[in-house]
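Engineer: Model the full assembly from the supplied sequences, consistent with the hints where possible.
4 protein chains.
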Amino acid sequence: MVVVMDVNVSEEQIGEVTSRLEEMGFQAHLIRGVSRTVIGAVGSRAVDTLGLKNLPGVEKIIPIMKPYKLVSREAGDGAGSVVEAGPVAIGGPELAVMAGPCAVESREQFLTAAHLVKQAGATILRGGAFKPRTSPYSFQGLEEKGLELLAEAAAQTGLATVSEVIDQYSLDMSRDYVDILQVGARNMQNFRLLQAVGRSGKAVLLKRGLSATIEEWLMAAEYIMSEGNGKIVLCERGIRTFEPSTRNTLDLSAVSLVKCLSHLPVIVDPSHATGDRRLVSPMSRAAIAAGADGLLIEVHHDPPRALCDGQQSLYPDEFARLMLELQAIAMVMGRVAGKFTGQNARRFVAGVSG
Amino acid sequence: MVVVMDVNVSEEQIGEVTSRLEEMGFQAHLIRGVSRTVIGAVGSRAVDTLGLKNLPGVEKIIPIMKPYKLVSREAGDGAGSVVEAGPVAIGGPELAVMAGPCAVESREQFLTAAHLVKQAGATILRGGAFKPRTSPYSFQGLEEKGLELLAEAAAQTGLATVSEVIDQYSLDMSRDYVDILQVGARNMQNFRLLQAVGRSGKAVLLKRGLSATIEEWLMAAEYIMSEGNGKIVLCERGIRTFEPSTRNTLDLSAVSLVKCLSHLPVIVDPSHATGDRRLVSPMSRAAIAAGADGLLIEVHHDPPRALCDGQQSLYPDEFARLMLELQAIAMVMGRVAGKFTGQNARRFVAGVSG
Amino acid sequence: MVVVMDVNVSEEQIGEVTSRLEEMGFQAHLIRGVSRTVIGAVGSRAVDTLGLKNLPGVEKIIPIMKPYKLVSREAGDGAGSVVEAGPVAIGGPELAVMAGPCAVESREQFLTAAHLVKQAGATILRGGAFKPRTSPYSFQGLEEKGLELLAEAAAQTGLATVSEVIDQYSLDMSRDYVDILQVGARNMQNFRLLQAVGRSGKAVLLKRGLSATIEEWLMAAEYIMSEGNGKIVLCERGIRTFEPSTRNTLDLSAVSLVKCLSHLPVIVDPSHATGDRRLVSPMSRAAIAAGADGLLIEVHHDPPRALCDGQQSLYPDEFARLMLELQAIAMVMGRVAGKFTGQNARRFVAGVSG
Amino acid sequence: MVVVMDVNVSEEQIGEVTSRLEEMGFQAHLIRGVSRTVIGAVGSRAVDTLGLKNLPGVEKIIPIMKPYKLVSREAGDGAGSVVEAGPVAIGGPELAVMAGPCAVESREQFLTAAHLVKQAGATILRGGAFKPRTSPYSFQGLEEKGLELLAEAAAQTGLATVSEVIDQYSLDMSRDYVDILQVGARNMQNFRLLQAVGRSGKAVLLKRGLSATIEEWLMAAEYIMSEGNGKIVLCERGIRTFEPSTRNTLDLSAVSLVKCLSHLPVIVDPSHATGDRRLVSPMSRAAIAAGADGLLIEVHHDPPRALCDGQQSLYPDEFARLMLELQAIAMVMGRVAGKFTGQNARRFVAGVSG
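Chains as they are written, first to last, in numbering that gives the first Met the number 0: chain W, 0 to 353; chain R, 0 to 353; chain B, 0 to 353; chain U, 0 to 353.
No lab work stands behind these hints, which were simulated from the structure alone. Take every hint as true, because none was put in to throw you off.
Since the list gives no way to pick one copy over another, a pair counts as held whenever it fits inside one copy or between any two copies.
In silico lysine to any residue, SDA-like type, Cα no more than 25 angstroms apart, as pairs:
id	residue 1	residue 2
1	Lys59	Asp301
2	Lys68	Gln139
3	Lys52	Arg304
4	Lys201	Ser71
5	Lys65	His28
6	Lys59	Gly42
Structural biologist: Written out as structure tokens, the structure is:
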């Protein structure tokens, strides 16, 4: 770390900072500039250095080391992690395409959707049983009934499953039903929930907070991993900006950058990022071209009748077409996208334009 | 609500939207423009109208009514609410000045701070026993030991107390020790926690989320109030913007606007908003001049040795001087600030410049 | 447009708004809701309706029609425009890859770069002769000498050229030297400059402002087109957000959305958007996969010695490899990328992995 | 400056950076940490150090010195500057209240407004003759006719005047008519315009850009001052954030911070910042309480009929009442606000509540 001293710092103040650094186990190197003195502190211990900011004469502290350790690229020996969850592996050569409706609404709706996304080539089924909603008056999810339907759909299709948890209660209820526990954007800094999913030992899908920096997102993953659970998949889902035309602004450069900074796999949710069905396919293609390890896409068999997020849900046919485009882009990236069956397999053999 | 139809909408699509509106209990008024058709929907029921967005031919839905009801200005009959919490009332003529250290660190530290802020004129004592921290490796609070010290300080000084809760566990533990339960910025959309503090029946200090819109903030208050608890004080604490020179950007216009939109009292936290001791007093004065009902200020008897947030904590003497300035500005606003005792009372009698 | 009236509006106020609307040439349709009255105004004239907001009893005005006309998708009869500039056409099946150094620095540097980007497959050469810099103490460009070198490089390579103009003086000087006049992000709302490039009749590359909404960006294009010049290419170059890890946040969803809203071609500048060489190739691939019509990429033959923006400039070999990846993604999109010559043509024939 | 090297840096790369620093006139101090090497560079010359970022093995450059010199607090010997403009001085004990309509619309409108703001206590008259508008179809200002009316109003009332310039042409036309040249938010980084007002030698009101950081704002002032003109008044007018309820977010902490960083006076424009008449008076009071040196306020004698910005213009009576409140807050700050004449003088003598 580098400690920058005030323009008018006194020798006594410099001495106090130096002593404090040495107490904390650092070696202090003094550099006297023309108008400023800075102190370089060398040491390996992870310490809470905020106290230093308060010493008289200190203008600012510039950290050199990253605050996260376990999730850093270096900790992964420079290679990416592969996270196993039920029948799938995320972060390997096969892209993880998670698809399904925003919420589990009914047995018929959900099983229909499950079979449709399976046929189109998805390998993981999504569906919310606990819905955190902005208004207390909106539909809040089917809870355990929804989880039972998720498990039934998984048994019928062989798909892995992912569903959101919002507190200890929903986590306890979900752990025996689903393969991947999702922590939503609004809970990214609900540290108690992060610790709880960390202790669960299950695979975790950690969405980026609406206005979380990349560093805060990785620190949230560090909370989970510091409980001994490294089965973490990050999910970029758009950040809040001044632009009103899209629900959020999808930050694809974050995907490429996180691949440089961390060993964890990263997927993209183009549905919540844009809130606009027309933009979901272009952003899905772009995410794979940017190096994402997968996608989380809302698909509904009848979007105009969806109980939530219908305006951003793909129609089954749009999703099937997208899967073929993704397969072509995945090849450019040296990867594969989706397991094709039925009509999509025939289309795939016939080529994208078929 | 107004439903704007696509440029190329068909008569059949218009018919379908009209029928759906009528099913939902609205009257539909068709307005055919030169290039667009819009449908005005008249009705009083609060309904989840998102489904309409998904109907073919609908371009967008423009809500006319606000989504919050119980917390709206109209629900307060146009007057502001006064929230009682232990020995104090927030929202009345007397400004609520909440002061104290970021975290309860030790008996000596905390009792010293409590007496200092009391002498300077504060009426409510703050101190964190459960600290949600960005890093899992940072100090996380003294938990129950901290709550005991809060209660002891309150008993010695007669001050009311406020402290943060972060989950059901900390809420259960805190309810018998403190007068006001604080919900922090990172938990503003932790809906389960909102419902829990709503059911607690205790006064709640609800901080605005880092990137929460004013409408989302009021909807979070609506969650609490829909559980039957109207003892809510809102707290503006800075929002996240592109500006790197301050920790956050204090949004004082939100304070004035919320006073127009809601009957709830609003206070301001200049310490977290700025992260910079030099800006705390100016922003405190500005908040009161803007019409805030109070302040939440970090004061530490020895900021350079604080375990958290020392760089933004006022020295006791700075705080005492600020209280006198606030008193003068409060008079312009037709209010009073603080209960003066000891030296500050003498200073106060002698005039601000004394 | 829809005029929403206050909760407590009087009949007289409603009458005044209705009369004013009729004066302005609109038909007024009154809709009396349970708690609100709204007035639908039907008419085709583009009028400045801000005055209505100020009438007593009016809460807000909701525009239904878009404020831009000439640049809208509808004005292009639903098809995209193709902009011709010197030897190239932008917006057609061939992607427009503009590449070269940030600034023209010297004859040797610039001609070297020109030949390198030509060999890799670029069709347009970029190079700044007038550099708008944040600091008055930074290198400001070679001005006319730089323009001469641009023209010389174009003559040697057959590439089209693009260079930034910053005022009437630089525009007058540039118009005979370059094919495309660039309006930079900081000048996106320099309305006098927009009018001047509009009157020039030359092709214009209009960068999105650092914090411009998509609507403001299209309105800036409308300024140019309202001077009779429709040869406009839009360029997304990242927006300013709270995220500090990248210079800006590349908003690729804006590209897809603008293609829905306007007939103008849109390209992407991944170099300024990210400010980080490691992210330029992933974001270039993503842009093409999202449907962009081209790219603007900084390439320097010796980035560590560049006078500006070296940390975001690709090495020639990185750029050559990127062109091959783009060609593969372009095929998925039904387009072609680049004209390959020399070594890259051989590599291309051998396949991307060759 | 501190140069942080990559984790895997080689000795050769360290040597190259060290040599380059010494070539540039710096002394290099090597600090070898446990996982990183950093190089402290000592020297007083202001150099463009961007080139260093491109050297192999360099991760990042951390500047220690501020990039602005002439406008820094230190350059003012720690004291604030007082800017003289016609009959007024800005930055001294008397607050500068600039008031008047958004645009000069007609002789009657403008002279009426001028007398009204004079009577209420304003000392500077504002009025736009050149209006930069988002739409090419909106009212663009009366140009020279407007300037003549400004001069006539000044002659009748004795008020100083301020008006916006948007290019060399409007600057040349304005310089003989007005006391203060305003550079608008959208032109804050129109560097040619900054240089031109710098060369004009006239007092300049420099608005902060919509998304300009404080450092960029001060660098824009540095552009003006580096042309030899130190008569600069800064104006905070709200920044662009995610919050849609107000037009912009007024950043009052920027005012207090700029007073720490620079010797230039700073005023606040609450009208453009909020876009909402109800918020203008609270934000005006807050600005003065935060330490601002003045205000720029839109006042119109008949806001519902204003040609621009009527919804944010104060009625004359609201403005007169605000001036009295400001006077009371100014006294707390040890300053005075406004020159009272006529009815406001009588009200003032009778006390704020009179």
